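Peer 1: Listed below are the residues making up each chain.
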Amino acid sequence: MLKLLWLIPVLPLTGFLVLALCGDRLSRRQIAWVGCGSVGAAAVTTALVAADFFRTFPDREFYQQTLWNWINTSGMTVGISWYLDALSLLMVAVITGIGFLIHLYSAEYMAHDDGYARFFAYMNLFVAAMLTLVLADNLLLLYLGWEGVGLCSYLLIGFWYREPEYGTAAQKAFIVTRIGDTALAIGLFILFTQFTNLSIQQVQNLAVEAWPVGSNLAMIVALLFLIGAVGKSAQLPLQVWLPDAMAGPTPVSALIHAATMVTAGVYLIARMHHLFALAPMVQEVIAVLGLVTLLLAASSALVQQDIKRVLAYSTMSQIGYMFLALGVGAWSAAMFHFLTHSCFKALLFLAAGSVIHSLHHEQNIFKMGGLRRHLPWTFWTFLIGAAAMSGVPLITSGFYSKDWILWSVWSSPISHRWIWFGAVFGALLTGLYSFRLIFRVFFGEARTQPAHEPGLAMRVPLVILAFLALTVGFLEMPHTLGNVTLFSDYLSHALPTTELLTGIDESSEAREQLAVTVAALLGIGLAAFLFLPGSLFEARRSGQSTDHPSVTLLQGGWGFDRLYDRVFVRPWLSLTRNSHDRLDRGFDWLAACAESCHGWMSHTQTGHVRWYAATVAVGTLVLLGLFAM
Amino acid sequence: MLSTPALVLAIVLFGLGLIGLLSRRNILYMLLSLEIMLNAAALAFIAGGARWGQADGEVMFLFILTLAAAEVSVALGIVLQLSHRFRTVDADALCELRG
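Going down the list, the protein sequences come from chains F and D. Under the working numbering, the first residue of the first sequence is numbered 1, with each subsequent residue one higher. Under the working numbering, the first residue of the second sequence is numbered 1, with each subsequent residue one higher.
Be aware that one or more of the hints could be misleading.
Stated by the list, open to error - Covered stretches of chain D, as calculated for chain F (at least 3 residues, CB under 8 Å):
#, segment
1, 60-74
2, 89-95
As the list claims (entries may be wrong) - Chain F is nowhere near these chain D residues, computed Cβ spacing over 10 Å in every case:
#, residue
3, 35
4, 46
5, 47
6, 53
7, 56
8, 80
9, 81
Stated by the list, open to error - The following residues of chain D were derived to be distant from chain F, with all beta-carbon distances above 10 Å:
#, residue
10, 41
11, 43
12, 48
13, 51
No lab work stands behind these hints, which were simulated from the structure alone. Treat the numbers as computed from the prediction; the structure is a model and nothing was measured. From the three backbone atoms N, C-alpha and C, an ideal C-beta is built for every residue, glycine too.
Chain D with its partners taken away, still in its complex shape (with noise of 0.2 Å):
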């Protein structure tokens, strides 16, 4: 099946974007992750539109690739306004919401 390796791919693209959010401490390469972690989640849906040969792969595929572009664009605003703020970028050295 062609599918397979496409989702497998998928699956290795998220646990790597994964990884990367979760022993990353600099924001930027963070924001990076994540954003690996949605085309993952995109090419699965491609895979899965290639399988049943229907379009609402594709078309998921347009929404996550809008809404990544607007998290992005909001998430890169809040990193310009924290390292304005406190001069780092470093997500552990921001953590005043301490319970």
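Chain F extracted, bound-state conformation (with noise of 0.2 Å):
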């Protein structure tokens, strides 16, 4: 079964051009079956795979498959080859499974809309790219997935495109991606000047023994990996193409923040943990670029008015932790919370885009309100994944994966208590906006009145990811829990276990976990009090207008977008509208000289056949002459 490898990226990509290339002739039903068919049954395959490598490797080492080579010239053989170890075949099975549920969800979500096979067709191309991201086993074939993600994003986040505004929104995901991509492809090229060799594990083994720790090189080469993965995973500072993407519809926003795109570059750091092992100067602006990214998109999110923003900026907030976790080392439990992440983000997605569909396309939370009678499956699904988000104890995965993250924070030799403190507070600030979220959309009066429940292709994936959200936790306990370590023993042999201060004993880790618990639930209790209708907060405020400088500020994502627009696009702008530039001279000369020209050659274009006629004649006797001569 485990040569059922290759199958798992090309069944996407079958799907993609099937859709494609005889879209048009198929009927709803039949792209539907099509779009979520591949995705499933890769899903399928996945699954076989996945138990066969069970089986044949108990230490979970890792499996090769080459399908054929790509490149190979004197001194560089680069093949199409698949890598499968713990790490990959996790990313995989997040991406197979939970693409596959918002597939489904999407063939209800998008039942009326004009462009079904085109969408499932990107959504296929989406699921396809981030595979062969996920499973390359060169760094050449990974950029290929890498760019394959980013142009599947332009396409569907600007799948309206006959609003203006949305295609600006898919321009600037492209174009700010593509920074980081640049410094990828740079780093690439380092790595292959210097080892001549593009193998993931193979430079890696290179890279460990040819430079010592701190080198330049290595320092070099990581820190443009970490542009490209800040790019693709929209952190500081390359974060501001995010919170536009929302403008593709919410089944994408969804594929795009749980399972796709967000999460490459959390993958691409953890993949070349050995190179960043390399640079613990980089591992610390890791870090401090995560708890930096977590806390300003934690407060944006707090002011956001659109339902689908503040989705966004928890989600910048949520890979914030993430990278945290990668910074001080914490490897196992970064995947961990892309794991639950993933799952809950899903949820919240696939939720909100439940009531944005039963509102008519209302995305505004101040036009909401009382959706909790109306409806209840969004309501509870929608609850478990807030809580899930805030860190809720004991009950929810997001608790446990946060708690690891941060019990990683304060434990960890390479680790400030500042940076445990920031990430705390951020904690706070989670629930605060998650629960703001809740109590605005599904509490008080309703404001617009909403047409009806989803139907059950969009029921089921929220009660599948509902019921993950929720279990998946248990796969990993801390100590004064249950001890469960089944996740971290599955990763053990991809990724390096997390290095802890010494000394440090059960009732340090009691105590943290207790800070870690009192702020997600002081978040939620704040949250009630100053956004539940009725609550005393609430009334008191409800008369006031919202338009204090700072919180337009926060609106604005710390008004990132302002200074870009000020400091690189307007200048450009004016350099290219300049009109009067002494470059432009010579060319402008050229153009001149062209036109002179051909003003001089239409007058021999008479229109007359018998003056073509004499002036062939008289050509050939020309040439005659000359061969004569």
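Hints are included, so try docking the two chains, each in its own frame, into the full complex.
Peer 2: In structure tokens:
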């Protein structure tokens, strides 16, 4: 069954080809079958491959499959070859599993859209590109998937291309992530010139041998890879594309945020962890970037009015936690948070989509309210998602993953106390903004009348994801609570274990957990106090307007858009619009020359056929004369 | 030599054809002139074939004959369309492609 590994990326790709080539001739039912079926089949194949992988490799080493040589020149062989180990298997399982649920949901969500076949074609290509990225055995193939993901995000964010704003958002996402991609490409070039090898494992082994810890080249390459990861994962300072990416249909947001795209950066860093271990300073940068991003994004999420933008900022914030974990060397914790996050974030987006669907595409949370009674399925699943995101203790998966990260931050020798305090404050903000959303949307009086509950194809993914968002966390429980280590055991061969400070005991872990729990619950309580309709503060504040300058600053995501507009976009545009450019003179002259030549030549074209005959005759005579001489 | 007068005749015919092509304005007469030029060329091939005692010249003549037939059938079609659309066969009147 391991031999079927190649099928996993090929199946969605086939789905894409079928839909792209003859999507017009298929009925909607057939399109949905092809679109969901290809990803579903990939998920089933993943399950088979995983079962065989566990049987064949009880120590979970790795399995390699080479399909054919892609590039074969002297000194370099790049193959289309897959590399399956615990880390990539985890990614593949999440991408195909959650991807399938999102596809299933879209089959109903997009049912009345004109571009039904186009939508599923793009979605399938997206999944195929992401699978290529995570299964790639060499960096070049990884880069192919990396770019494919970027392309598909562009196509899907600008899916409703008739709205100019959406097109702009798509371009923004494409260009901003391109900055990161360029850095990543330069990193690849450096690695190639050093080792003439692009295999992920071999390059890292060679790098570990050739470069001492903290050497310049290691730092530069790690930094370039980090910039690439930062662009894809929407971390500071390349985070500006993510909120605007909400222009796409809601299932697309779910796919981008939960299963594909933004987690690619996390995967890249985890995959290249040997390289990053050579550059401890870059690791510190990762941790600090993660912390700053998670705080900025969480504070921005507090004041957004669009339900999807709140979730977009929450994604940035949660990915910030993953970066923080990567930065302090807690690789497994980062991947665990990736797993739980993809469950509850897909759930939140799909539930938000069902709210938007039933309110006829209303996204402003101030025009919602009281949906608890009208949309019970959506309410309960959304509540579970929000609880998991805020880390409600003991029963939700988010608690276990976030707690693991915070514990690693607390006890890691390469971390600082203030990072831990910042991250705990972020946990408080998470509870605050998640439950602000719940109270605004589902409580109080109804401001817009909802249509109806979503149908079965939308409800089933919601329920499955809600179940996962509650239970996935039990794969890994801390020492103080049951001490389950299924997840870290599973990843133990692919990722190094987390180093802890010496002299850490259980009582300090319990105290640390208590602090995290209190922070999360405090955030939720504060949200109830501030935003629950009928609460004391809410009643007092309801008449006041919210256009205080600080609120505007937060709503705009700390003014990064404005800053980039001033510093990069406008000077560049003014440069291009300057008509008195010295450099242009030469080209202007060239153009004038060509134009006057054209004037002369066009005189010869009289339109008289006898004139042409005469010129042919004279030309022949001249040529004959030349030959005679 | 036998071939010299034949070549002279071919040259004269070719020149006549060219002059006719350049001086006539009626498209039909221009086509006639073209035919004369083609036949002049064919005659030159025959003369060459006779001079060296090779069959190639006659083969080329047959080719040119076929070509001329094909060319005339296309050209007459064009002339028919022209006279149908523009109600004229004056080549100078049809100069819409002036640059």
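Peer 1: Kindly indicate which numbered hints from before are broken by the structure, ordering the numbers from low to high.
Peer 2: 1
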